[in-house]
Every structure is written in structure tokens, then in C-alpha cells.
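Number of protein chains: 4
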Amino acid sequence: MALIGGGPGAFIGPIHRLAAEMDGRIALVAGAFSSDPARSREGGMQYGIDPDRAYPDFATMLASERDRIDGIDMVAVVTPNHAHFAAATAALKAGFAVMSDKPATTTLTDARALAEVVASTDRPYALSYTYSGYPLVREGRARIAAGALGSVRRVMVDYPQGWLAAPLERGANKQAAWRVDPASSGVGGCIGDIGVHAFHLAEFMTGLRVTELLADLGTVVEGRALDDDVAVLLRFEGGVRGVLTASQVATGERNGLTIRIYGEKAGMVWRQEQPDRLDILHSDARSETIWGGGDALGVDARVSSRTPGGHPEGYLEAFANLYRDFADLIQGGAAPLLPGIDAGIRSMAFIEAAVAASRNCAGWIKFEG
Amino acid sequence: MALIGGGPGAFIGPIHRLAAEMDGRIALVAGAFSSDPARSREGGMQYGIDPDRAYPDFATMLASERDRIDGIDMVAVVTPNHAHFAAATAALKAGFAVMSDKPATTTLTDARALAEVVASTDRPYALSYTYSGYPLVREGRARIAAGALGSVRRVMVDYPQGWLAAPLERGANKQAAWRVDPASSGVGGCIGDIGVHAFHLAEFMTGLRVTELLADLGTVVEGRALDDDVAVLLRFEGGVRGVLTASQVATGERNGLTIRIYGEKAGMVWRQEQPDRLDILHSDARSETIWGGGDALGVDARVSSRTPGGHPEGYLEAFANLYRDFADLIQGGAAPLLPGIDAGIRSMAFIEAAVAASRNCAGWIKFEG
Amino acid sequence: MALIGGGPGAFIGPIHRLAAEMDGRIALVAGAFSSDPARSREGGMQYGIDPDRAYPDFATMLASERDRIDGIDMVAVVTPNHAHFAAATAALKAGFAVMSDKPATTTLTDARALAEVVASTDRPYALSYTYSGYPLVREGRARIAAGALGSVRRVMVDYPQGWLAAPLERGANKQAAWRVDPASSGVGGCIGDIGVHAFHLAEFMTGLRVTELLADLGTVVEGRALDDDVAVLLRFEGGVRGVLTASQVATGERNGLTIRIYGEKAGMVWRQEQPDRLDILHSDARSETIWGGGDALGVDARVSSRTPGGHPEGYLEAFANLYRDFADLIQGGAAPLLPGIDAGIRSMAFIEAAVAASRNCAGWIKFEG
Amino acid sequence: MALIGGGPGAFIGPIHRLAAEMDGRIALVAGAFSSDPARSREGGMQYGIDPDRAYPDFATMLASERDRIDGIDMVAVVTPNHAHFAAATAALKAGFAVMSDKPATTTLTDARALAEVVASTDRPYALSYTYSGYPLVREGRARIAAGALGSVRRVMVDYPQGWLAAPLERGANKQAAWRVDPASSGVGGCIGDIGVHAFHLAEFMTGLRVTELLADLGTVVEGRALDDDVAVLLRFEGGVRGVLTASQVATGERNGLTIRIYGEKAGMVWRQEQPDRLDILHSDARSETIWGGGDALGVDARVSSRTPGGHPEGYLEAFANLYRDFADLIQGGAAPLLPGIDAGIRSMAFIEAAVAASRNCAGWIKFEG
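First to last, the protein sequences are chains A, B, C and D. The first sequence stops at residue 369 when you use our numbering, and every number in between is there. The second sequence stops at residue 369 when you use our numbering, and every number in between is there. The third sequence stops at residue 369 when you use our numbering, and every number in between is there. The fourth sequence stops at residue 369 when you use our numbering, and every number in between is there.
Because the hints were derived from the structure by calculation, they are not lab data. Please note that a few of the clues may not be correct.
Said to hold, decoys possible - In silico DMTMM-like cross-links for lysine to aspartate or glutamate, where the CA-CA straight-line distance does not exceed 25 angstroms:
1. K265/B <-> E288/D
2. K174/B <-> D284/A
3. K174/C <-> D36/C
4. K265/D <-> D295/B
5. K102/B <-> D73/C
6. K174/C <-> E42/B
7. K93/C <-> D73/C
8. K102/D <-> D36/D
Here the structure is a predicted model, which means the values were calculated and not measured.
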């Protein structure tokens, strides 16, 4: 594996590496870690790879690695958002499989173009919607598909964070700076950074597509060009009602992604911050908790677990599950749960619809993708 | 105290009695428990009062009790919603203090008319927004007023119930039947039954008024004339953002009213189902839990508690706090935390605005009251 | 009802009154609130009773009330422990039913003597082991009796409090002072004040009797004459293993009584500080929560609830359930769940065995009672 | 790194590998995975290592790897308990660093002999007391050392599991079989398998040594030769009181290790099943939760975290922290938090004292080590 992006100071690069390597099937051996050649070299040293394989830019890397007998099979794209499209496209065209950090691109148009590249190159392509890698999320999805809730009626997904409650971007916080800058992030701030995670999770678990939305995107911290607080009313296929809220100014919240899904027969709750439990709410005021690693789990959750019950698994293991699926894909297997370019198109369509709906106060907007 | 309403099969009548009598300052001695005289007599027997004081209708009761030397001071109005206005008006005009079950009336016009009656009769009038009686809600309100969160930026209030997920109104469930019938409930279903509790709680704790809203009221169970699932986007004074959601078809939920308030400096969470704790979320990923009955409480919460820390108080004690305040009012004291007719006007304005906004898809609607 | 004890500054007197009156079947009308006549009068004023019925001592009260046509039926004994025996004996002999604060007496000998008085007078006698009044405790007991856990194997009961972590008895804290004074409390400190609650709860829920114990009673705060921290190893009939721990120096704990019971088939957990839930732990890493007020409850819990699911009930309602049972007894009904003098004998036997076992380092001690 | 043990069907071997490799500083390249050469080869294939380095026995491996230019630096001993001593001794004497699964040996005598080998060879030696690798455990230890609780008074550590509630050893469960067999496990069953984890955690967090104990070891499932349920009363230096309980027949429990430590000023709680939080209980009924990854953490916890707050880390990351420390040791650094042979001696002394105390009903036993 090679990284594009993830140089010194990056958060998500080392996470990708750790997740990719966790099961011993993938190893980081190369990278174009920064568009600045010196920083890319520095990145290579930090990751402990062969200095010859810390490339000054991704074009050079793709060409060089293609020629090596021990060259890479896959690339992970972990740059800020605006560079995802070009890097993924180049890597696919050079014949490599691509795991891209979400979002796939910064526009819906680009996402559709990328889908064509994926189709024409026929290379594996996946998006790191990490939360879909959690065993209990997969358990919930399987149970809903099997009818555990009856027909779904109502979906509430909420994703509060507080780390941007203060204007960190005015200081030296690189993570904050690019996220509030449309040039790096695209048209969505909070909606694009974390709202899409909530959106993907809702569609992933329910198996239902959102068809219409009404959005209220706001900017709470003065001076920001992008939204940092989001409320979106949803309508899924079949008229199922939903609400998606997300915020990066919810002071004191860490990473509180929570989904609640209500059906005719029962409800279901999953909370990212205690990820090894899934709660089923029965109509007789009895709730049932399915714990990670236990015998009550179905096959999708079991194969996504590494430890026995009561030995908590977390974010890194969820992420590693995406890479495990991806390794299966590369080796010719199937990975039906792994988000691909379709999820990327859906997310970009969602972001653009939400931004449009919010700008024009146009009420409900239908969307496809 | 006398009850108007609360006859055989009623839920809230016995709750009012128990709450009113908890501190030994008020006693139920009379009632017009039903508009059916036979059922009113039966109610009187169930409550164990003097049979002579179980009246066939409230007009008779008000006249008779006024003439007794040991007559009542106050009336609690616990009928279905549509009868609140007439009963409260009559009682006030007859010189009695009135504790009314919420909502005050079924229309904003009536609420304003009732406000004039309250003003002209100068009798104590209160509304049972029970959740404002919880000690930790009062603690939260006091802390926000004292600046614990910095300026408030975002208010998330959610009130899920599941008991109407099935069409109980088609069976013998009296509680369900009147709630889904516009003739008894007014124009709001879920929004009027529980949405207003969430609304009142949000204004009560933050001290901020909602100025604008956008609503998505839905009817999930087929055949209902009123909404049973609600999402409302809010704007409070000063542009503070908010989301209010409520549902009576959230299968498996009991009475999950939860409020989260985020300010510049910190966040705050209170959950009705574990009411003796208030969580303060600090920006350094440290959260603080203030427990009921403890030394960390301020005066408003202390005087609203009856037991030492760790001996949980619940819904009945919260309700009794409203009656304790009301007894203070009757005895000439002040009760600044007790919801009065202003809260009633606010709630009716909220319901009507939400219904209008949802019907016309008109986008944001400003409202006053 | 009359109180013996519960004068100015008492904690448990007002609690008894509130609990007794909650359901409108019992009313406080008389009392010998203190052994000091002036304080008894002051108590009478605080409770708002007829001044003539605030008696200077309990002998006078019992004699006077027996002669009144509207005299009391029952007495609640709420003095410090050392006075329970004499007061209860006198009241029973005077023909009154007695609800006594636990413990029944301060010695096992006295408890057995009291049992003879109860038998010979044939008057209702009950002990306020409050925690047995919680609906979900009763639910747990019924489920265990019905075999939900299979045969019970292991019982863990823990009761941490922190309020005596500092030497409050050296200040003006009356509650602390009598509890650490053997003359008022008897031979047990923490073991007698809260350890017996844990003991009773364990026997009540499992339906099993403790037959043997080994105890480690300690005094953590210097200068105290009685234990303030307790660990007791238990053996129940059939060799079932158990551990009982209690402390009043567990800084920061409020009233954390928790019981966990493990059987061949499943486990069970109940925590007093969130009393409206009972957890059943299944062997497939699935746990089930039974919530208060819901349709999953059996009859014992249902008749012990006053509110629908999700409207939390707490300590006062649990206490009121004991009085409700007691009212049934007075009116000639049965109250099989209500702790009586047998529970009092068991508790005194437990305290004396634990104190003996701890003093002599004698290893395991068998006990009966 | 090479494994000794961890062949097909083993649980802990793959966990060691994953933990060791997580940070990219250690790689599994060799192993004597079983005492059966064919199974060792099979293990090598499963781990994906060079077949030449899957050795038929550990003696061969140690000799061969010493001769390789790219030979290993360290060995992880992951056999059943009875083989730990010989394998670790041989590896140390062959010049390798040793990470051993706990317990160090099966007797105190062996543990002391091993300590001499560690001293004479001067090679790094560590024991996988995994729970000491959790960031919040390290945070708690640091806070206690800094006086956050005042002087410690009471330590309650409890470790319930339920997986051996049924006699799995009679079936094909290899994990169960060796644990209940004294020939593989040593004299302790539950006390040696998980009791020592609780013991180590208690000493690790408080910085206090246990000096005396009284034990009640029991066998609940018929036919077992070793204890499966444990209660131990503890006395730490300075007379600090403690209780350690552990069980493998607590039906429905997963891996519920929980420690509560009470000091003069405050209490502290950590629960393994939600490991990213540490609760501080203040005496004013205010509790404070320190969350993983946040700014409130001290240096020991920070350097033990890989993700930002709200992205849960779990058991594997805790385990990896031990390996990270171990890598520091190998590279000549310090690792003051890493359990070494001293912890092994302490644990063996604890097990032997507990077994002796329980067998003879001898009351309190002092112990050293």
C-alpha cells in the first residue's frame, strides 16, 4: 500500500496505516505524503519506509511503483478533500486499487466522473465510511434487513462534535484550517465533514435511500465561510421520516454519532462512543442489548470482530474491517458491505442538495444520485 | 382542592391528587370528575371523598363550594384538552385559584382570552408543565442563567414515546382515543400532547424565547387525523439555533424527553428518564455530573428535593413541586419558576405556528405570544 | 397514624409520613415526636397536626389515643435504634399496629422477645426494609422464584455510601452522631445501619437464607466506636456463595446499593440509584432490561407502580409501597412481601454473627434466626 | 518477534501478534507455535511467516534464530501457564528479550528462580497484565499518585466472567480445558486466570502492596479440580482495606473487570468494558468523567492513546501499549509502567497465599513477594 497524503501533522494518515496493517494482510511501503517533496520525505521517515519510496508527488509514485517488481497493489488517498478526485483518478488509471478517505470528491459532477473511471478501469475502489465497519452497525443492518424492526418508519441520526466550538482555524490547528476552507473542503463544512457519515450510516443500516430533504445549515462561529452546525429533515423512499443533525460547535461533545431507527415492531439504537452494544427496544418496555463478541451476533458482525465478548473493540478495529474487506476485494473476493463509489455519489448528492436547500430556503428538495 | 375531570379510567387525575397532597399542604375534598353525573359520583367514591362533594358538573361544584364555610380554595382542571378553557375560566371567575393540566386551551385565541380572565380575576393560575418541576431541570436553568455555558448557541430537545406506534385508538384505549381526536385535543396531536412539553422545557431552561420555526408534522399510523411524529427547526432570540423532535410512534421508547444545550463554554444534558442527574460537558473532554440531593446543588434544586442524595426522586415528586409552588402562591408567596398563563400562550402560539408551517410548506414562520 | 420519634431535625420521620400518606389511605394525626416534651410539641407544629395530639411521651400517647373515638390504628416507630424495642412493644401491647423503622431492636434477644409480643398481641407489625418496596426488586424476586435464573449460585450485594467519610459526628450532624454511638445504634455501625438492608435485599430477592458468614468489619475514621466499613463472606442454604460489602466511608458514593445474582442459566442486576430497571444477563452476551411501568412486568411489580413506563418512580414510592401493604394488613388483607418481625430476627442474628465473627477472627460462623 | 505457543485454535497468540505489530515497531517473523511440530508448521502458515521459521520446538528456534543475521530480538511466550517458566528461562538465557503471557510461572518458587534469570541475563522481561495498558488506568494511577483521592482507604476490585458457567471443559473447548486442569494452570483456577489481573490492577493503580489476605475460593461447577469463583479480603500496606472478587461462573457477564478506589477526599471508578472513561467521585455528590483522548489527560494516558477523543480505543490498543513500552525497553529506553518479573512474583505469591488461606480456613495470611 501507498499513501497519497498523510504527511507530518496529519491525523488520518497514520490511522489508515494502522487500520490497513492490523490484520497483517496489507503493509505500507510507499507514499507521496505531501505535495511538498521535503515534507513527503519527512513523512516517509516518520512512517519508517524505504526512503526511495517516499515520492515527491503522486504522479511520480504511480509511475515508479508500476514499474517495480515489488510495487504496490493499492493506494490510500488521505489528502484534504479537494485533492481526492485527482489522486483517485490517477491511481485507478495507473492500475491501482484505491481506498479513498471520504468524501469521494468535492462535487457531485466529479463523483459521477470518478464513477466512470472506476467502471472503465475495473479496479477496486472503496470509501472510508468508517462507522459502517463497526461490528454492531453491521449487526443492526442485518437485523433490520431480516425484519427485526418490522417496516422502518423513522430514522434519527445525530452527530455532535465540539472541537470547532472555538475558532481554532485562526490559530495553528491544521485540522481545523482546511475543514473551514471551501477551497480544501468543498461547499460543505460540517455537512461534508461529518454530516455525510451520519447520512451514510442511516442509508447503510436501514437499506433505504433518502429521496428528499430540507436543510438548515448554519455558521455559528463568526467569520467562517462554511457551515458548522446542521439540521436536515429527511424523507426516505416509501415516505419514511427522518432527521439528521450534526454539529462541530456542540461544546463538550467528542464524537457522539448516534442513530436511532424505529420500525413498526421495535426500535434500535447504536452509539459510536460505546460501539460494542446494539440496543433493541421492544414495545413492551423491555430493551435488549446485543454485546460485541457474543454468541447472539450474526455472521456479518462475527467476522468483523477480533476479540471475545467483553474485550472492547473500537474505532481502529472498525476501520481495519474496511481494509479487511478491501483486501478481500483485491484478492478477487466480494465485499458487499464496503462502501464504494455509489456511496460517494450519494454523499455528494446529499451535500449539494442540503447546501442548495439551505441557501434558497426553498423548502423540500428531491435528490438522486 | 377539587378536581374538574379525572374520573374513572383517567390517568392524570390521580397523579394530580397524589402530587397535590404529597407535602400535606393541599387535600382533595371535592370534584366534578366527569360530565356524566353517575361517573362523577363513582369518581368521588374512588377518591374517597365526601359523596356530597362529588358534583354532577363543574358549574354546580363551583357554586356550591363557594358557599361552604369549608369550601375549596383551588381547582385542578384535568379534563381532555378541549374542556380546559371553559373550566378554568369558570373557576377563576368563581374566585378559585386554578392549576390546569396543559395545554391551557386548544387555540391561541382562547389562551389570550384566558390570560385576560387571569388578569381580571387576579387569581393564581398555573399550568402543569411537569418537567419544569424536576430539581435538576431547575438546577440547569439556574446554572445557565448564571453563565455556566457562556452564551447559548444550540438547543436540541427530543421527546420520543412509542405507545401510539400501534393504532390503540381503534380499541378501548381511552387515553389514545381522545389524543388522536381533534375535537378533544385541538389542532395538534403529538405536537400538542408532548411537543409543547419539549418546547416549554427548552424555553424554561435556556431563558430564551423561540421567535421562528419550520415544522414537519407527520402522521405515521394510517387513519389518524392528527400528527403523531414531529420535527421542528427552531430559531430562538439572538439567532440561537434549535431542533425539537417528538414522536409517539417511536416504538420501544417510553418517555424519553431529553434536552441538550450547548453554549460557547460548555454543554448541558438532562434526560427525564434518569432525572436526578445533570451533566455538564466541558470543552476539555471532561464531563461533570451533578447528582440530585447533593451539596453541589443551588437553592432552586435544593428546595425542590425531599430526599438526600442517592435516594431517587421521580415524576411524582417533580409534579408535587409544582403544587408546592402553587400552595406558596395561594398563600400569597411568589413562585417565579411555576409556569403560568404566559407559558400557556407561548405553547398555543407554538402549536398553531407549527401546524401552519407544516400545512403550507411555507418555510420559516415567525411567531409571537 | 402516629409517629414515635421523628421530631425536629429528623430525616426519616417526614419520609415515613410522606410515604404513609401517599396513597390517601393513612394520615398522620398524632405523635410523640421526641422524648423531650417541648420538642415533641414543636414536631407536632411542624407536621401540622392538632396540638393536643403532640404528646410528651409515647406512653401518654398510647393511652390517650386508645381512649379517643377517632384514635389512631397504627404507630410508626422512627426513633434511633435503641428505642425501637420498647416503643414497638408498648404500642403492640396497647393494641396498635406497628410499622417500625429498621432494625427491629438492638439485640437478637430483644428481637426474639418482640416476636413473642407480636405473636401474643396478634397485631400487624412491619419493618421498613424500604428497598424491598421497589417494583423492580419485586419483579426480580418473582422472576427468580419462577426460575428465570435457574438455580442461584452466587449473590453479590454491595452498599456504598460516602457521607461518613469525614468525622461529621464531631460537628453538629445529628444523623451522624447517633449512628456512630453504640448507645443509640447497638453493636453494629455500618453493618446495622445499611449492611442489614443489603442482607435483607439478598434474602428477599433470592428467597434463600444465609446460613454461615465470615466478616471483616473495620473502622476507617479514627475515633469511632463502631464499624464504618464492612465486608462479609456469605454462604446461603444449599452452599450458594455470596459476598456482602457495605461502607459509609466510600467517598463520593451516595446510596449505591447494588445487587447481582447469578444462576445456572442467567444473571440479574438491580441498582437502587436507577431503580426503574432490572437487567437480566443471558449467557449469549445478550442482556435484557425490564423497565418500570411496562407491559413486561409481572403482577407484584405492576401493583407496586403508580405511573406509566418512563415516568420514574423512586425512593418515596418504594417506601409508600410498604405502607400500602401495611394498610392492606390493617384492613385484614395479606401482604406476603412486607418484611415482618421474622426479617427483624434475621437481621439481628446477622448483625450479631458478623460482629462476633469479626471480633474473634473466628473464621466462618453459622447462624440462625 | 517469535511466538512460543499460540498455535491453531489459540486465542491469545493472534492477540499478541496484533498488539505487537500495531505500531509498526515489531513484526512476527518466527515461532514455535506448538509442541507438536506439525501443528507448529500449521501455525506458521496461518500467521503467514516464512515456513523455515516455524520451528518444531522452542529450543530449536532459539538456537536457529540466534544464528541468523536477521534473527529475532524478542520472544513472546503464549503457551498455557505450565510452560511459561521453561520457555521464558530458555529464551532469556539464549539472549532474547521476553514478553510473557501472565502468570509468569505456576509457582512462587519458579517465579523467584525466573527473577534470578532475568537479573543474571539482564534481558528485558515483561508480563502481559493487559489492563495496565489502558490509557485511563494509567491516568487513574497518575492521579492517585498525585493525591487526587487523598490517602487511599478502600479498594474494591471485581472481575466477573460467565463463560465457564457451564462445564465447557467436558466438550471440545480447548480454552476451557486447560484452564480447569491443574497440570496446565497451576494451583489456581479463576484466581490464577483472572484474579491476578484484578490483583495487579489494584496494586498498579493505588501504588500500594497487599500485605495480608483471607480467601474463599470455591468450585461451583461440579467436577472441577480448581476454583471457579473467588472472594478475597485484602489488607494493603498502612492497613488499607480491600475486597477482591472474581468469578468465571457469573452467568451473562463478559469481562467485567471493575475497580473502585476510595480515598479521604474522593473516589475513583474504572470499568474495563467501557475503558475510555475514568470517573472521579467528589464528596459533594458531583462526579467527574475524564474521557479518553481528551485534553484533561496527563502525559501517561496521552502517550498511550492513538485516536482523538470520542474515537474509542479498546483491548487491542491497551495490549499494544504494553508492546510499545516493551519496544522502548528493547531499544534501551525506560518503561516504568510495564509489569515485569516483580509483578510476576507478586502475583504468584498472591495466588499461593489465597489458595493456602482458602484450603486451611486459616483466617488471615500475611504474604510477601
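Hint check results:
1. K265/B <-> E288/D: It holds: about 17 angstroms lies between the C-alpha atoms, which stays within 25 angstroms.
2. K174/B <-> D284/A: holds, 19 angstroms
3. K174/C <-> D36/C: holds, 15 angstroms
4. K265/D <-> D295/B: Distance ~15 angstroms between K265/D and D295/B Cα, so the pair holds.
5. K102/B <-> D73/C: The hint is violated at about 40 angstroms.
6. K174/C <-> E42/B: violated, 48 angstroms
7. K93/C <-> D73/C: holds, 13 angstroms
8. K102/D <-> D36/D: Roughly 22 angstroms separates the two Cα atoms, so the pair holds.
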